[in-house]
Structure formats: C-alpha cells, structure tokens
Amino acid sequence: MESRKQGIPLFSATCFLVGMLVVIQLWLLSASMEELAAGDVPPLARAAVASAILFAANFGLVRYVLAFDRRQRRSTGD
Amino acid sequence: MSDAKRVRLPRWREDFPVKWEDDHYVTRRELAKFLTLGSALLAGANAVVAVVGARRKPETYEPRRVASASAIAPGQSMLFRYPSDDDPCVLVRMRDGTLAAFSQVCTHLSCAVVYRPDEERLFCPCHNGAFACSGGHGGARPVAGPPERALPRIAIELRDDEVWALGVER
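Residue numbers (numbering that gives the first Met the number 0), protein chains in the order written: chain A, 0 to 77; chain B, 0 to 169.
Next comes chain A alone, as it looks inside the complex (with noise of 0.2 Å):
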C-alpha cells in the first residue's frame, strides 16, 4: 500500500506539524526569556519540560515518516 504517492503527503503534513511544534517552542523560548528577565524563575523548568516534550514529539514525527521513506525506497529499489 505504501507509495512515493502516500509519501509526499505524508512528508507535507508531518513538515506542517513539525513546523507548528517549533513555532510553539519559540514562544516558550521567548517566554522563559522574559520571564528569566523579570526575574520569576519557578516557570522556567516547567518550559524547558515543556520543550523538551514537543522536541521528542519532533523526533518521532521525523523518525517515523523517516522510516516510511526507509521502506519505500527499499521496496522500489531506488
């Protein structure tokens, strides 16, 4: 059932998904800045979690459609 085919949407929406996860870690980033600023450090380890989680939500995304990519290409011999 897996094509080339399959995969150009699949890539297309883990692209999208993958972008908006690091558009949210920029605002923890920009957030924790701010806030290191101003000086009130409790929030600061919850964002750093907080990242940390949507970064390894990234990695299974990409290594996921990775291996999908992995497949295919062995099963078209490409």
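Take the hints with a grain of salt, since some may be wrong.
Simulated DEER-style distance windows between Cβ atoms [unchecked claim]:
#: 1; chain 1: A; residue 1: 29; chain 2: B; residue 2: 154; range: 50 to 60 Å
#: 2; chain 1: A; residue 1: 52; chain 2: B; residue 2: 77; range: 49 to 59 Å
#: 3; chain 1: B; residue 1: 72; chain 2: A; residue 2: 29; range: 37 to 47 Å
Rough simulated footprint, nothing fancy, chain B against chain A, three-plus residues with beta-carbon under 8 Å [said to hold, decoys possible]:
#: 4; stretch: 6-20
#: 5; stretch: 26-35
#: 6; stretch: 39-48
#: 7; stretch: 64-73
A partial selection of chain B residues facing chain A, derived with a Cβ cut-off under 10 Å [said to hold, decoys possible]:
#: 8; residue: 28
#: 9; residue: 30
#: 10; residue: 34
#: 11; residue: 35
#: 12; residue: 37
#: 13; residue: 39
#: 14; residue: 42
#: 15; residue: 46
#: 16; residue: 47
#: 17; residue: 48
#: 18; residue: 55
#: 19; residue: 59
#: 20; residue: 151
#: 21; residue: 154
No lab work stands behind these hints, which were simulated from the structure alone. Glycine residues also receive a C-beta, built at the ideal position from the N, C-alpha and C atoms.
Given chain A, work out where chain B should sit, using these hints.
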C-alpha cells in the same frame, strides 16, 4: 532489485533525483530533518535558560539614604537612583500621606514613568501605560496600556525622618 545492484547506486542520486515528484519528496525530507534540528536547538536553549535561572544568586542590596521625608508633601514625588546610579526610581507620597517608592523604568519598553497624584498612578507617556501605586506589597501593578508586568517596588524605611532604600521587590 537485488542487494548487489542496490549497493552500486551512488548516494548522491538520492539527493539529486531526476523526476520532479522525487525531487519534491527529497525537499520535504530535508525540511523535516532541518526543523527537527531546530527543535533540538530550541529545547537546548530552553534548558540553558532554566539552568541560568536556577543558578542565579539572590540579589543583595546596600541600604541607601534617599531623602528627608518631610521634604515631600502629599501628592508630590521625587526622583532618586537605587540600587545603582543607573537605576532611576521615583519616591511618591500619596494623598493619604503614605510613602512608596518604585522603579521609574516602565516594564513595557523602558520609558520613564511619572507620578500622577490625581489618579494615584504612575503614568508612562510613551504608550499611555499606567501602574497603580496602592497596595503595600509587590510592585505597582499595571492597570492600563500595554505593560503586563508590575513595576518593581523599592523597599523603604523611615529612620528619623530620613527615607532609606533597603532593597528591590520584584
């Protein structure tokens, strides 16, 4: 396709395919990898910010004489600098006679705030921001305009009619 034939294909052919469809595929793959690398860097930067915040030592302040308390009438204010000469502050005597001191640097874009006795507010003329002077603890909370964070309060003490600054409450 046999394993022997697959090994003979050069690696560059994966990144420079002939067909348009394959080219779009490679571009998306590289973008996904690039975004994940960016995500890792952002997560690292957030961790660094958290570590810097956790390792920051609490600030210590030297007491400093500000002014004579009797020199400021109710509804008046005076400027001073604390804790260093680069930190402008404003000492206000509210209409009920209470003394309070705050940083003069607006938390929005660092303009200098001025005291408005009729409203008992510190007003920022740059973007019409305002901070309420009332309330004995914490900074002057923002009540109008773009500022979102409170103005730091300067802890003060009266010693024989002299106003002394003791610290900064953020």
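Tested hints:
{"no.": "1", "hint": "29(A) <-> 154(B): 50 to 60 Å", "verdict": "violated, 30 Å"}
{"no.": "2", "hint": "52(A) <-> 77(B): 49 to 59 Å", "verdict": "holds, 50 Å"}
{"no.": "3", "hint": "72(B) <-> 29(A): 37 to 47 Å", "verdict": "holds, 44 Å"}
{"no.": "4", "hint": "6-20", "verdict": "holds (count 9)"}
{"no.": "5", "hint": "26-35", "verdict": "holds (count 6)"}
{"no.": "6", "hint": "39-48", "verdict": "holds (count 6)"}
{"no.": "7", "hint": "64-73", "verdict": "holds (count 4)"}
{"no.": "8", "hint": "28", "verdict": "holds, 6 Å"}
{"no.": "9", "hint": "30", "verdict": "holds, 5 Å"}
{"no.": "10", "hint": "34", "verdict": "holds, 4 Å"}
{"no.": "11", "hint": "35", "verdict": "holds, 5 Å"}
{"no.": "12", "hint": "37", "verdict": "holds, 6 Å"}
{"no.": "13", "hint": "39", "verdict": "holds, 6 Å"}
{"no.": "14", "hint": "42", "verdict": "holds, 4 Å"}
{"no.": "15", "hint": "46", "verdict": "holds, 5 Å"}
{"no.": "16", "hint": "47", "verdict": "holds, 9 Å"}
{"no.": "17", "hint": "48", "verdict": "holds, 5 Å"}
{"no.": "18", "hint": "55", "verdict": "holds, 7 Å"}
{"no.": "19", "hint": "59", "verdict": "violated, 14 Å"}
{"no.": "20", "hint": "151", "verdict": "holds, 9 Å"}
{"no.": "21", "hint": "154", "verdict": "violated, 15 Å"}
When the structure is compared with the earlier hints, violations turn up for hints 1, 19 and 21 and for no others.
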